[in-house]
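K.L.:
Here is how the chains run, residue by residue.
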Amino acid sequence: MTPRTAFEKIWADHLVADLGDGTGLLLIDRILLHERTGGVALNSLADAGRTVAAPEQVFATMDHVVDTRTGRTDATLMPTGTRFIAATRAAARAAGLTLFDLDDPRQGIVHVISPELAIVLPGLTLVCPDSHTCSQGALGALAWGIGSTEAEHALATNTLRVGKPRTMRVTVTGRLGTGVTAKDLALHLLDRFGSAGAQGHVVEYAGEAVSALDVEARLTLCNMATEFSAFSAFIAPDEVAFDYLKGRAYAPDGAEWERAVENWRGLVSDPGAVFDAELTIDAADVAPMVSWGTSPQQAVPLGRPVPHHSAVAGRDTREAYDRALDYMGLTAGQAIEGLPIDAAFIGSCTNSRLSDLRRAAAILKGRRVADGVKAICVPGSTMVKAAAEAEGLDRIFRDAGFEWRESGCSMCFFAGGESFGTQERIISSTNRNFESRQGPGTRTHLASPETVAASAVAGRIADPRRTGA
Amino acid sequence: MTPFTTLTAIAAPLIRDNIDTDAIIPSREMKSVGKTGLADGLFAGWRYTAIGSREPDPSFILNDPRYAEAQILLAGANFGCGSSREHAAWALAEYGFRAIVAASFNPIFRGNCVRNGIVPVEIDATQIDADGPITIDLPRQTLTSASGQHIAFAIDAEAKAMLIGGLDAIDMTLARAAEIARFRDADRNRRPWAYL
Ligand code: SF4
Numbered sequence: 001m002t003p004r005t006a007f008e009k010i011w012a013d014h015l016v017a018d019l020g021d022g023t024g025l026l027l028i029d030r031i032l033l034h035e036r037t038g039g040v041a042l043n044s045l046a047d048a049g050r051t052v053a054a055p056e057q058v059f060a061t062m063d064h065v066v067d068t069r070t071g072r073t074d075a076t077l078m079p080t081g082t083r084f085i086a087a088t089r090a091a092a093r094a095a096g097l098t099l100f101d102l103d104d105p106r107q108g109i110v111h112v113i114s115p116e117l118a119i120v121l122p123g124l125t126l127v128c129p130d131s132h133t134c135s136q137g138a139l140g141a142l143a144w145g146i147g148s149t150e151a152e153h154a155l156a157t158n159t160l161r162v163g164k165p166r167t168m169r170v171t172v173t174g175r176l177g178t179g180v181t182a183k184d185l186a187l188h189l190l191d192r193f194g195s196a197g198a199q200g201h202v203v204e205y206a207g208e209a210v211s212a213l214d215v216e217a218r219l220t221l222c223n224m225a226t227e228f229s230a231f232s233a234f235i236a237p238d239e240v241a242f243d244y245l246k247g248r249a250y251a252p253d254g255a256e257w258e259r260a261v262e263n264w265r266g267l268v269s270d271p272g273a274v275f276d277a278e279l280t281i282d283a284a285d286v287a288p289m290v291s292w293g294t295s296p297q298q299a300v301p302l303g304r305p306v307p308h309h310s311a312v313a314g315r316d317t318r319e320a321y322d323r324a325l326d327y328m329g330l331t332a333g334q335a336i337e338g339l340p341i342d343a344a345f346i347g348s349c350t351n352s353r354l355s356d357l358r359r360a361a362a363i364l365k366g367r368r369v370a371d372g373v374k375a376i377c378v379p380g381s382t383m384v385k386a387a388a389e390a391e392g393l394d395r396i397f398r399d400a401g402f403e404w405r406e407s408g409c410s411m412c413f414f415a416g417g418e419s420f421g422t423q424e425r426i427i428s429s430t431n432r433n434f435e436s437r438q439g440p441g442t443r444t445h446l447a448s449p450e451t452v453a454a455s456a457v458a459g460r461i462a463d464p465r466r467t468g469a
Numbered sequence: 470m471t472p473f474t475t476l477t478a479i480a481a482p483l484i485r486d487n488i489d490t491d492a493i494i495p496s497r498e499m500k501s502v503g504k505t506g507l508a509d510g511l512f513a514g515w516r517y518t519a520i521g522s523r524e525p526d527p528s529f530i531l532n533d534p535r536y537a538e539a540q541i542l543l544a545g546a547n548f549g550c551g552s553s554r555e556h557a558a559w560a561l562a563e564y565g566f567r568a569i570v571a572a573s574f575n576p577i578f579r580g581n582c583v584r585n586g587i588v589p590v591e592i593d594a595t596q597i598d599a600d601g602p603i604t605i606d607l608p609r610q611t612l613t614s615a616s617g618q619h620i621a622f623a624i625d626a627e628a629k630a631m632l633i634g635g636l637d638a639i640d641m642t643l644a645r646a647a648e649i650a651r652f653r654d655a656d657r658n659r660r661p662w663a664y665l
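Note that the protein sequences, when read in sequence, are chains X and U.
The numbering used here applies: residue 1 is where the first sequence begins, and numbers increase by one.
The numbering used here applies: residue 470 is where the second sequence begins, and numbers increase by one.
Quick caveat, the hints were computed from the structure, so don't treat them as lab data.
Fair warning: this is a prediction, and the values are worked out from it, not measured in the lab.
A virtual CB, placed ideally from N, CA and C, is assigned to each residue, including glycine.
Among the hints, a few may not be true.
As the list claims (entries may be wrong) - Only some residues are given here: those of chain U computed to face chain X with a beta carbon under 10 Å: (1) D486; (2) N487; (3) C550; (4) S553; (5) S573; (6) F622; (7) A626; (8) T642; (9) L643; (10) R653.
Chain U on its own, in the form it takes in the complex (with noise of 0.2 Å):
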């Protein structure tokens, strides 16, 4: 995973409450059993003419060509609700998004930005000004735009690190196995039934 410091770049807003997961990346576009060539399909039922179609829609805000490179996406609240889809993070990791301004994320999609190397950034994003490029300060925890907004963020410690770090969390955990191995014989006496 890329580690993640401070990052200035364009924001495309795309300022709508509740874009689900399956806004995000489409049942339909979810075609291989891996986590790639999901850029394609991002945002497909809102950047393309039509089902199906690869025709780009002008008025989707990613077709806008003052948002060719963004790496930032403002959205509205209850980001990324719905189906817990690990492919909504990869596509928008994929496409170049590194970091994800808005006023709530779903809990489950949160943990997969982290994950995947993107920063959920809880601001509500209606109040950002976003002509020019917006600067995200990880450690800092701030948000800068071009204009001179300057705003502070929240953010738990356990993600900040694993971003910060482009930590695997999994090495980690692993590296605590035999502390694991112990709990487990401990538990296994006092939940017998729990280990099958």
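One chain only, chain X, in its complex shape (with noise of 0.2 Å):
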């Protein structure tokens, strides 16, 4: 048989019909909803008159809009936010699917609480309207993001009709040094390949350096591949996947459990399989990275200045460039280490596990954020913060001087309601640093969560290899 890719397997496992010229209708076997889209989704399809064809595979998730301050209730500072939770609430009711409200232990971002309660397993297809759905292929699923007429059709009809997409395999060879993270990997590749680096691909990511990270980890550098502009990202699912679903949750038990993992062994990609396209880079090659401007491949390892356009010129135009230095109050040559921040967030589907917490706390354990830095800590999901409340993770991030908030997307993108405000500079984990992201005028720098608490600590961007743990 010809070698194939693991996406091309599980692509095979789910396709219901052949709808020609690359295009199938697939099976899907999960599908995620949250208040901010998926609220919009249900109520268009019963205006339509249609139904949910299997809602015992469908759960919903209140992430995006909700306070994340302590005492939290209905009421959001986002305006109208209030009704989303609302609307979500009674559709998802009416349709009989599982819903994760409020005062759920297991609420928290989507693309949190899916791996941690095993919803999204080894080969499964999975679905949400909303575009970092592929952090989930960190688990070996074919995850990815949708629209809302798109979650409508899934829900409807169990399948959705979709082109098939090319395959990369981003190979990495070696080990990532001390200190440098799955966080950092991501902004490399954006760095290096541009934010269109994998258009439309399914990237695999494969190689030493992969295998070695942890499924938190995975889920991370999964999580940025929307910036990379990929379809979607998948890791092969291993030992490593496989302990870390065990007994969780959804995860099929008992000789099921066998069964399944025996399955899932092979959604390997055969030996001699072909790529669309395939990129190698040296682990070694990466460093602590930190981004510059208004897009994710705007980045630079720390310790290096805002590089010059001449060095970019071959993906941002001038006027891009020079816009988002103007937007960044940056100049070309002007070094980032050191620069004065107003905001510290650690937060987001990104980096807010209780890995990333731990080497957050790690940092701050015995010190204080700077003066003037506001500093606020978002766990990912309830289940992470009552975790890192056990071992006392809270208490650290508290007496450094951060907030300790409750579960959800938060200052992650703004909403409509809380910003850290207009042309504040702020050190963040999350993974987008548009224009006005985190509140109008808002000038966000990606880094990962050790960096974050480094450079909260100094009031200013800061190594956390020179500030150690």
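Hints in hand, dock the two standalone chains.
P.N.:
Here you go:
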């Protein structure tokens, strides 16, 4: 048999019908919804007189516009946010699907809770009207973000009509250095190959450095595949993934678990399988990264200055480059390390899991956030928050001067409510540094949680390897 | 969905790369749990003088009277990146855009366009002479400018058929409900753990 990529195997397993010209009717195993886009899709479906075909395969959570301050209720800082919460709750109940509501111990950011509850499993097709759904490919699933109308399609039919994406393998040889994280690897790829680097491809991350990552770090790496313009990301499921999933809420158990694992072991790309594109990088070339502009490809290793236009001319037009510098209040050649910050944010589906919080806490322990810096930590799920509190991480964050919040997307994006403030400079563990992403006029610098923690303490963008844990 | 065959219309040039969906429709403008009432918020961050204001910023292209009737948008590469919010396509359609020309599109956004009757025309828009009306012929997959430029573009057959027919993908798939049910039954035996 011709060697196949793991993606091709999953595609073939789910292909209900070939619709011609590279389009397939694919079976969808899991649908996830959140209150920002889920209520609209469910209401529109009901308005059209259609029903959810398999509600037991559908899960909804409240994460995007919910308040994350202590003692929260349905009230939100987003002017009409409560309506989104109420509409999603009502529609989810009417449709009979599983809802992780505000007071549910399983509530959290959709891409954080799905892995921790094992809603996502290797070899499944999983969709969500949210671009960071690609994160979940870290567990060997084919998981991708869709629009609302497509979500209605999946809800009504258990399928989607999908143009078959091309495949790309990104091989990372060697091992990441000490203090270099999956986030830095994701930003390194964006800096090196541009935000259109994986345009429309399913990207399989492979190589020694990827295999060596734990599941939470793999989720971080795959999370930013959408910033890389990928259709989705994928990491072949292995013992690390199986160990992570075993015993979790929606994982199979007993004989079914054994049978599943046997099947999952086959979800690897065969030797000799041909990808439409291949990139190979050496992990030793990856350093802690920080973004300087308003696109995630505008990133540099910490310690390097803002590049001159000539260095990035292949990717950024002069206009885009000038616009980014002007917006960020920076000049060509200016040092980024040492830049004074106004705020520090640890959270988001990129970096808000227990291991992220542990690494940040290791830096914050016994230290204080610099005067004048607003520092916020938002655990990615209520379960992450509880686990962190059980080991005392909340104390470390609070003692350092961080706000310790309830789980949600919070200030990863501006929903119309809470903002960091115009021209405020934020070091952030999130995934997008677009104009006004964290509030009108805000200036976001993306980095790993440890860089955020080290910078919060220094009051300036700082290298965590020099702060030390 | 309104079927699309050919369109001759004014094209507004907004040639910036990486225009993301939050720039197209800022999150703060998505106030209601629905698909309508979004045209007013289209490009709100650039179109108005200040956040929350509705005073047109004269320097923004869509506020230029020459483009008041534009139904085609010429944009930079990687158009529609960022959040998957379909509100971006809804806002563009409600405003009156029927086609967007860009060197490349974000894949989710491209799908959202097709599902809302907007033709994603993959051509480097910087090459196009935007003086005078532009004609987009979807069956022939060509774009013709007033000055006589004639450029072919690619679009996959499924998207093309849906746009030309104004088809609803859900109806098309529901016609295969029995086939889907048979597939699921067989699959349930193969992969029981996938079924909750
Ligand atoms: S944390 Fe941020 S990027 Fe992730 S799903 Fe929420 S808003 Fe989107």
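K.L.:
How about U/F622: closest beta carbon in chain X under 10 Å, or not?
P.N.:
16 Å, violated
K.L.:
Answer holds if the nearest beta-carbon of chain X is closer than 10 Å to that of U/R653; otherwise answer violated.
P.N.:
Constraint on U/R653 satisfied, holds at 7 Å.
K.L.:
Against chain X, is U/N487 within 10 Å by beta-carbon distance?
P.N.:
Interface hint status for U/N487: holds (5 Å vs cutoff 10 Å).
K.L.:
How about U/S573: closest beta carbon in chain X under 10 Å, or not?
P.N.:
6 Å, holds
K.L.:
Any CB of chain X closer than 10 Å to the CB of U/A626?
P.N.:
4 Å, holds
K.L.:
At a threshold of 10 Å, is the proposed contact between U/S553 and chain X supported by beta-carbon distances?
P.N.:
4 Å, holds
K.L.:
Close enough to count: is the Cβ of U/T642 nearer than 10 Å to one in chain X?
P.N.:
This interface hint holds because 5 Å falls under the 10 Å limit.
K.L.:
Please check whether U/D486 passes as an interface residue: C-beta within 10 Å of a C-beta belonging to chain X.
P.N.:
5 Å, holds
K.L.:
Under 10 Å, Cβ to Cβ, is where U/C550 needs to be relative to chain X, so tell me if that hint holds or is violated.
P.N.:
U/C550 check passes; min Cβ-Cβ to chain X is 7 Å, inside 10 Å.
K.L.:
Can U/L643 be said to touch chain X, with a Cβ gap under 10 Å?
P.N.:
Holds - the Cβ of U/L643 comes within 10 Å of chain X, reaching about 6 Å at its closest.
Hint 6 from the list above is the single one not met by this structure.
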